[in-house]
Amino acid sequence: MLKIENLHVSVEGKEILRGINLEINAGEVHAIMGPNGSGKSTLSYILAGREGYDITEGKILFHGKDLLEMSVEERAWAGVFLAFQYPVEVPGVSNIYFLKAALNGVRKFNGLSELDAMDFISMVKGKMKDLEMDEKFLYRAVNEGFSGGEKKRNEILQMSVLEPSLCVLDETDSGLDIDALKIVSEGVNRLRDPSRAFILVTHYQRLLDYIKPDFVHVLAAGKVVKSGGPELALELEEKGYGWVDEKLAS
Amino acid sequence: MSSLENSKTQYAELVTAPNISTLGAELSWLSNLRESAGNDFVGAGFPTPREEEWRYTNVSALEKNQFSIAEKAGMVDADFLAKVLLDDCYHLVFVDGFYQPNFSSIDGLPAGVIATALSDGISEHEELVKSLLDSVIEVADRGFINFNTALFNEGTLISIDENTSVDKPIQLAFISSSEATLTLSNLRNLVVAKAGSKATIIETFDACGDHSYLNNVVSEIVVEPNANLSHHRVQEESAAAYHIAGVYTRLEHNAIFSQYNYNFGASLSRAEVHATLGEASDCTLDGLYVGQDRQHMDNHTRVNHAQPHAVSNETYKGVLADKARGVFQGRIIVAEDAQKTDAKMSNRNLLLSDRAEADSKPQLEIYADDVKCAHGVTVGQLDDKAIFYLRSRGADEQTAKNMLTFAFANEMVENISFKPLQMKVLDALLLRFPQAGMRKEWL
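The listed protein sequences correspond, in order, to chains A and B.
Using the working numbering, you'd call the opening residue of the first sequence number 1 and step up by one each time.
Using the working numbering, you'd call the opening residue of the second sequence number 251 and step up by one each time.
The reader is advised that the hints may include incorrect statements.
[Said to hold, decoys possible] No farther apart than 25 Å at their CA atoms in a straight line, the calculated lysine-lysine pairs in the DSS-like style are these: (1) B:651 <-> A:108; (2) B:418 <-> B:448; (3) B:635 <-> A:14; (4) A:223 <-> A:212; (5) B:622 <-> B:611; (6) A:65 <-> A:223; (7) A:239 <-> A:212; (8) A:212 <-> A:3; (9) B:669 <-> A:136.
[Stated by the list, open to error] Label pairs and their calculated CB-CB ranges: (10) A:123 <-> B:337: 29 to 35 Å; (11) B:634 <-> A:14: 19 to 25 Å; (12) A:140 <-> B:415: 43 to 49 Å; (13) B:311 <-> A:56: 50 to 56 Å; (14) A:56 <-> B:315: 37 to 43 Å; (15) A:6 <-> B:669: 55 to 61 Å.
Hint data in this document are derived by calculation from the structure and do not stem from the laboratory.
Values in this document were obtained by computation on a predicted structure and should not be read as measured data.
Every residue gets a Cβ at the ideal spot worked out from N, C-alpha and C, and that includes glycine.
Next up, chain A with everything else stripped away, as it sits in the complex:
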């Protein structure tokens, strides 16, 4: 589904990613772990298409197509979804209209007609119930005044409405208490599907107790320094990231 080859990325002349290689197939869950400043969030933003990065080398293929050639919205239409570490507050735009505009954009791209208003609302309300979100959030401005946990739930709500094929979750566990973490994780687990892949970008192993990864990659100083199964996350939890620095030094 996703193939990242020798990806080099710089910001203002400083190289952040220094040759990332990663292959992700449908149905798989990959965790990308690493210390602060390792380039984890940059990788997430690159996948979503944020501006301000110089891609100096390498390529990314998504369903066989050149992802880097696609605009931000084209990536969304094609099935890329980034759950933001810091979801943006959008004053004045109601959550319900935002969801409707987003879903219709994706449906239009896929040659589908707009959903009937009633069907749309009952579908969204059903998904909100699963995430234990109050319906009043539909009519509030997107993320405005939401608590950290509410924002993260709203991200998962958008993800479950849009049904993307590649879900990138950037530090979704940050700022969540244990109850919210469970609800969000259950929301993600409900979406696990043989046709869908996940990239969990996280500093801590905690999230992986709830969402079991198939593969764990350790990112440090812009490179994948180690890949393995779920046991790698536990090893990191035990040893911390100190050994990564040692490894880089050697």
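Put chain B on the given structure of chain A with help from the hints.
Okay, now just chain B, sitting in the frame of chain A:
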């Protein structure tokens, strides 16, 4: 002689031409008033940017356009009319400055309410017209007012009796037909809400066609003690039109006046709102201006706290795209006696292009010492992070920008309590920013 002087002479000739204004020609007091205004106009002409109150707005294009007075009303088709006339309102309809009784409907007006074309009002209620005409205008820059006083040929007269509440808004619909190319209309609206009365008045300006013309409108409003008047203006003139309008209001003791000013159309528009506040009166001035292409939109307000304990709240928002230019000049005056005044003024502008411009100039003149006055101005652009966020969810770039623009402007639309009017303003906004939002009833 330069061409500019030539054309000045042309408008000066208009105001001094014999028998040019037939309305009330037999009334000597009116003839005297017109003559005096006409003489002043001949002396001073239209204002120029050399005057402080006009420094951001140059109307010299008017002089090049050689507008002449419309001679008759053109045709307006039924579909267009249906679109302009708001549901659940009384209607007074004017086409090219001429009253259209066939399109108007004031059946069922409560007893004690006069709502009529000025041409009828002046013959049926001469004393009332005389008492209102030029009774509340306190400004020094009177170029367009003098032009209007000398030449007004139509308008409205509205009077609400004491303790009378008008059950539905009164819409004054001013329509420019495509036959009105290169014409000018001087319209005069006179309104008195007598003590304890309550009413809503909506002035709308629409055009069928993209022709050039000038509408010069003066509305004079008296809100007597304990009366409550809402006044709305929705300006959707043609893209080539000139729209100059002034709303001059006196609020008496405990009066409430709410003015909502929505400007979308015209090549050049100037919307002035002046209010003189009596003791413990309450004045709200809200405005939205949306400029595109090369539109020039000037908003000019003056709130004069003449008496103590009055409250004024003013919020104007501007959206400026392309090479549009928005102007906001807002002045608050607090007289020496006007203790315990509470005055707020804010002007926020959103620039959608590098070539759009917003000029904002709030001015406070405070002569009392125990007052609360606050003002703020912002000029900003759309939030790149929010654009990226919306796009990352599948809104294309233009839709994302439209959604955020709509969100900025919508605050001034949500505050309209009368639904048919809210829908009209919403439609004007969505026409300019497609896919930006939706009507609430969609839910």
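Hinted pair residue 212 of chain A and residue 3 of chain A, Cα distance within 25 Å: Distance ~21 Å between residue 212 of chain A and residue 3 of chain A Cα, so the pair holds.
Holds or violated: residue 622 of chain B to residue 611 of chain B, with C-alpha atoms at most 25 Å apart: Distance of about 19 Å is within 25 Å: holds.
Pair hint residue 651 of chain B and residue 108 of chain A, alpha-carbon separation not exceeding 25 Å: Holds - the C-alpha atoms of residue 108 of chain A and residue 651 of chain B are around 19 Å apart, at most 25 Å.
Restraint status (C-alpha distance of residue 669 of chain B to residue 136 of chain A at most 25 Å): Holds, at roughly 23 Å.
Restraint check for residue 239 of chain A with residue 212 of chain A, where alpha carbons must lie at most 25 Å apart: holds, 20 Å
Residue 223 of chain A paired with residue 212 of chain A [C-alpha distance capped at 25 Å]: holds, 23 Å
Residue 65 of chain A paired with residue 223 of chain A [C-alpha distance capped at 25 Å]: Within the cut-off at roughly 24 Å; holds.
Residue 56 of chain A versus residue 315 of chain B beta-carbon gap, inside 37 to 43 Å or not: violated, 58 Å
Pairwise beta carbon distance, residue 140 of chain A to residue 415 of chain B, judged against the given window 43 to 49 Å: At 35 Å between Cβs, range violated.
Pairwise hint evaluation, residue 448 of chain B against residue 418 of chain B, where the allowed Cα distance is 25 Å at most: holds, 10 Å
Hint check for residue 14 of chain A and residue 634 of chain B - Cβ pair distance inside 19 to 25 Å: Because 21 Å falls inside the window, the suggested range holds.
50 to 56 Å as the expected CB spacing between residue 56 of chain A and residue 311 of chain B, which holds or is violated: The hint (50 to 56 Å, Cβ to Cβ) holds, given that residue 311 of chain B and residue 56 of chain A are roughly 53 Å apart.
The structure does not agree with the numbered hints 12, 14 stated previously, though it agrees with the rest.
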